[in-house]
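Can you make the complete structure from the sequences, with help from the hints?
These protein sequence lines are chains D and P, in that order. Each residue of the first sequence is one higher than the one before, starting from 1 at the first, in full-length UniProt numbering. Each residue of the second sequence is one higher than the one before, starting from 1 at the first, in full-length UniProt numbering.
Everything labelled a hint here was simulated from the structure, so no lab data went into it. As the structure is a computational prediction, the values presented were derived from the model and not from experiment. Glycine included, C-beta positions come from ideal geometry on N, C-alpha and C. Treat the hints with care, as some may be off.
FRET-style restraints, in silico, Cβ to Cβ [what the hints assert, rightly or not]:
| # | chain 1 | residue 1 | chain 2 | residue 2 | range |
| --- | --- | --- | --- | --- | --- |
| 1 | P | 128 | D | 138 | 18 to 26 Å |
| 2 | D | 115 | P | 128 | 26 to 34 Å |
| 3 | D | 416 | P | 82 | 42 to 50 Å |
| 4 | D | 240 | P | 17 | 40 to 48 Å |
| 5 | D | 165 | P | 17 | 41 to 49 Å |
| 6 | D | 87 | P | 89 | 38 to 46 Å |
| 7 | D | 181 | P | 17 | 52 to 60 Å |
| 8 | D | 274 | P | 83 | 30 to 38 Å |
| 9 | P | 46 | D | 278 | 20 to 28 Å |
| 10 | P | 82 | D | 373 | 16 to 24 Å |
| 11 | D | 217 | P | 47 | 18 to 26 Å |
As a plain string of letters, each chain reads:
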Amino acid sequence: MTTTADLSLSYEAAPTFSTPLRFFLTAPLFGALAGVVLLFVPDLLGSRWTPGALALTHLIAVGFMLNIMFGALFQILPVVAGAAIPNARIVAGIVHVGLATGVASLTWGLGAGSPPFLNAAVVLLGITFGVFLVAAGYGLRRTPIAQATPRDLRFALLGFGIAATLGMALAMILSGGLSLPLATVVKLHVGWAWLGGSGLLLAATSWVVVPMFQITPNYPARLTRYWALLTCAALVAWSAAVLAGFSLLEFILAIALAALSGAFAITTLRLQTRSRRSVPDNTTRAFQLAMSCMIAGLLCIVAAHRFDHDVWPVLAGILILHGGFVTAIVGMLYKIVPFLAWLHLSQAGMKAPNMKKLQPDGPIRKHLIAHAVALAVLLIAALSGSTLVVRTAGVLVMLEFGLLFANLMRVLGAYRIARSA
Amino acid sequence: MNDITTLMSHDHRSCDESFARAETAISRGKWDEGTAELEKFIAELETHFTAEESILFPRFESVTGMTEGPTKVMRGEHADMREAVERMRDAVSRRDKDDYAGEAETLLILMQQHNMKEENVLYPMCDAQLAGENLPPTLAKQLGREQAA
Ligand SMILES: [Fe+2]
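Structure representation (structure tokens):
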């Protein structure tokens, strides 16, 4: 009998350190760029529709979040799902360069309203997503395992695929190459990118990561079994309602989706209170902040439906993207990167310093505090509309991503010292 | 359900809880209690490894004919974890809280990524390949668990 699992579990099948690391190190640079945009275009938080706000959203969602998700997926697909990506190194190279240039061109296209840049972004990101989805789908295709996490990973990849397709359609609408109702496609794009892709991926990761690393009871079996299915079904029904223009049904389904997201966030918070680890580590704290922000963001979305004021969607965006996803991703990154450094050192037969020597707690805490302060000032900036506060938020966002970058480089430095010792 | 995946995954969680008890005691500077809890954890982990290395893996290897496959990788990771556990013991004997925290963190992540591979890939393969062998009661006995049917 031959399966790919016999190969994919071994260290030899894992990608080289540089494969995920190139994504992890590029991501904070796009995050810092978001700070630069805030500093120089401080009027962008007025509504979610300003060109600056669109550029900012994609710097964070694609430049930061998707960069790290890609890097992590190259690493974890063989481990969690037994799915080895063929020619991982070459695929990673293409995806990395394609994503970086694609985001840069998308951001400029959106911010400056430039059709040539939007068209270039469609081509670059289209190739990037296409290459990744085919390679990951090929790896996953060969894993016959019906466990919740690999199944939900497949759903998430599908969700990203739909979100990306809608995003490319949007870019073409904006550049004048396609004529479709803009508002409808935007709605669908946001729904699928947020829940169909990022939300499902975060949930699929949490099913595994929270119980294992924070030593909590497992998520309720009913949640892990049905959450992704229900969320996908509700998203499909919601999309149909949006397309058909049934606004009452659309509203009811949006509430159902918010309730599902809330159930996930609240369950995670409750599980964490039952952690057996006496000292909540930095990752646990990051998750607590992330889940609380998700819940607050959902409340802002509900408020946005009730009260027609531009500030609610902006607050929701800040809370869910910066407070929710960025925080959770950063929390996981601080576990993944030092462990990979440790793994590659010890597999090369070298004496590896322990996790906390590779990535000390102090600098992580400093970064998380800077991140929380930046979040608070961003929220105040959106509420007050004061140029000075927006600019301050911009500086803080640059600072926080700079600290993240420095912390990751610190691990790389410790890794190099240990290697040459 | 009394399949291999359920039984062995359950034992992983039980090891995790012992790990956390040792970590809690040591982080509070209760060295005697911490040493005792650490030894309990190590014994439990060793029992789990033995159940795999002497019962589960050999059956899997003889039924599938794969001796160079996933079980070899898992045995190698057991060896890595045994070394990590020794470094934890060493840190406790030196009463070095920070060093223990770092070594324990290293073991935890090493252990969890190993468990993920077993729970998501190897155990389901065992359940599929060894369905007719009725291994769970034998495994449960080695693990000192009651619930085997
Ligand atoms: Fe094992």
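Hints, one by one, checked against the model:
no.	hint	in the structure
1	128(P) x 138(D): 18 to 26 Å	holds (22 Å)
2	115(D) x 128(P): 26 to 34 Å	violated (54 Å)
3	416(D) x 82(P): 42 to 50 Å	violated (28 Å)
4	240(D) x 17(P): 40 to 48 Å	holds (46 Å)
5	165(D) x 17(P): 41 to 49 Å	holds (45 Å)
6	87(D) x 89(P): 38 to 46 Å	holds (42 Å)
7	181(D) x 17(P): 52 to 60 Å	holds (55 Å)
8	274(D) x 83(P): 30 to 38 Å	holds (31 Å)
9	46(P) x 278(D): 20 to 28 Å	holds (24 Å)
10	82(P) x 373(D): 16 to 24 Å	violated (44 Å)
11	217(D) x 47(P): 18 to 26 Å	holds (22 Å)
Checked against the numbered hints above, the structure breaks hints 2, 3 and 10 and satisfies the rest.
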